[in-house]
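Peer 1: One-letter residues, chain by chain:
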Amino acid sequence: MTVRIIIFARLREIVGAAERPLTLPSGALVRDAWAALAAEMPALSPLETSTRVARNGRIIATDEPLHDGDEIAFLPPVGGG
Amino acid sequence: MSLGPRELRRYSRHLLIPEVGLAGQERLAGARALVVGAGGLGSPALQYLAAAGVGRIGIVDDDVVDETNLQRQTIFGTEDIGKRKAEAAAQRVHAINPFVAVDPLALRFDESNARELVALYDVVLDCSDRFPTRYLVNDACILEGKPDVYASIFRFDGQVGVFTRDAPCYRCLYPEPPPAGSVPTCAEGGVLGVLAGIVGAWQASEALKLLLRIGKPLIGRLMLVDALDGNTREVRFDRDPQCALCGAGATIRQAREMQYGEQEARDVEEIEPSELDETLREWALLDVREPHEIVLGVIPGAIHVPASELEARLHELDSARRYVVACRVGAKSRWAVQRLRDAGFSRVRHLRGGLLAYAVEHEDFAFF
Ligand SMILES: [Zn+2]
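Those sequence lines, one after another, are chains A and B. Residues in the first sequence are numbered from 21 upward in steps of one, following our numbering. Residues in the second sequence are numbered from 251 upward in steps of one, following our numbering.
The reader is advised that the hints may include incorrect statements.
[What the hints assert, rightly or not] Residues of chain A clear of chain B, computed beta-carbon distances all greater than 12 Å:
#1 Met21
#2 Thr22
#3 Pro41
#4 Leu42
#5 Leu57
#6 Ala63
#7 Arg75
#8 Gly89
#9 Glu91
#10 Gly100
[What the hints assert, rightly or not] In silico SDA-like links for lysine to any residue, alpha-carbon gap of 25 Å or less:
#11 Lys459(B) - Asp52(A)
#12 Lys466(B) - Gly77(A)
#13 Lys466(B) - Arg78(A)
It should be emphasised that the hints constitute simulated quantities derived from the structure, not laboratory data. Think of the CB as a built atom: it goes at the ideal place given N, C-alpha and C, for glycine as much as any other residue.
All chains, full assembly: derive it from the sequences and hints.
Peer 2: Structure, rendered in structure tokens:
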């Protein structure tokens, strides 16, 4: 299946893009999407525990399943003011 | 609180809106808002709260206006450099609207005063710029039953949300802060000045809606602003049953400031800015700033390996050599020292406070 990844703030700086498609085996979970991205970019790993993930506009736990065509947003904490 | 003829004239454009009207404007005149942080977000928020006629506005900030603030902190002018932010901002609020009472609180918002301050106001705007303060504002607000109107910014991205006692809180959204040093502050990563204006004004709008009891507040919804692509998105989130503050088995009963970064700081050997010149006689300087930051000033002879490329370029460094690692403010360098330690480098230290702190002590070092 293919999902659309949307990336914000600090993560966007690391990934170098605001959006990208990601192909995953069927049955993949939210955390598998993160793992696939982090495997490409190890600099993401310090942010894993603090980044929240939204599937189709709702924040969910990382053990939730993904479906073809889902929009997955990675939201790292932002502290500046 | 009833309004006099001059106030009716001043607020006439509000009085024309049915959702505000005379009753709403009087409600604002009797309302109290606390703004934590008079910086990029606080600047627009304070100006709009003042202009809107919120009767009492508290401004907490223990900092002093610096020239690098002026690119986004539009409540200050060039003549304010060196003044206390709380006081300079209070003067501006008074100049905008003399009908508003201002409390300039030139102190640090910390666990000794958090709940006491929050209790004095009807709504709190979290315009702070560090994670421990954000958690402290959230905890004090939820414990005191006051709404926390939250916003944060980084480069082109902003977040806005409202946390209340009977809805999801900041800890439901982000149970724990990111590892110290993994998320740059505006001082380190930079921010588009006008983003602070957009997001801080949005925050003021949420605060005014809550005070007026109109519209649909951003409760359980996080607004994401992307100034680079020119769009906004909303994500919904629920209360976390395991939230340490508002969950069933909550463990947080008092507003305490979290230890943040200090544990790591003890584990990483540091050198003081005053020791750098001496140390560099025998140690190499490893500058881990990103390429675009280098134009802000360099120390001659430094080796440049951006933090983002450190893992990939470890082979360029010699684990037997001694390195002082430096970045702009000392966050990335701390992270880099830990990475280097993990990779078998035993003699690495980081420059506390970064090149910015070094520049403060060395006037001949041109750094911005
Ligand atoms: Zn909570």
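Peer 1: Next step is simple, just say for each hint if it's right about the structure.
Peer 2: A quick look at each hint next to the structure:
no. : hint                 : in the structure
1   : Met21                : 21 Å, holds
2   : Thr22                : 20 Å, holds
3   : Pro41                : 17 Å, holds
4   : Leu42                : 18 Å, holds
5   : Leu57                : 15 Å, holds
6   : Ala63                : 6 Å, violated
7   : Arg75                : 9 Å, violated
8   : Gly89                : 17 Å, holds
9   : Glu91                : 10 Å, violated
10  : Gly100               : 4 Å, violated
11  : Lys459(B) - Asp52(A) : 40 Å, violated
12  : Lys466(B) - Gly77(A) : 18 Å, holds
13  : Lys466(B) - Arg78(A) : 18 Å, holds
The structure does not agree with the numbered hints 6, 7, 9, 10, 11 stated previously, though it agrees with the rest.
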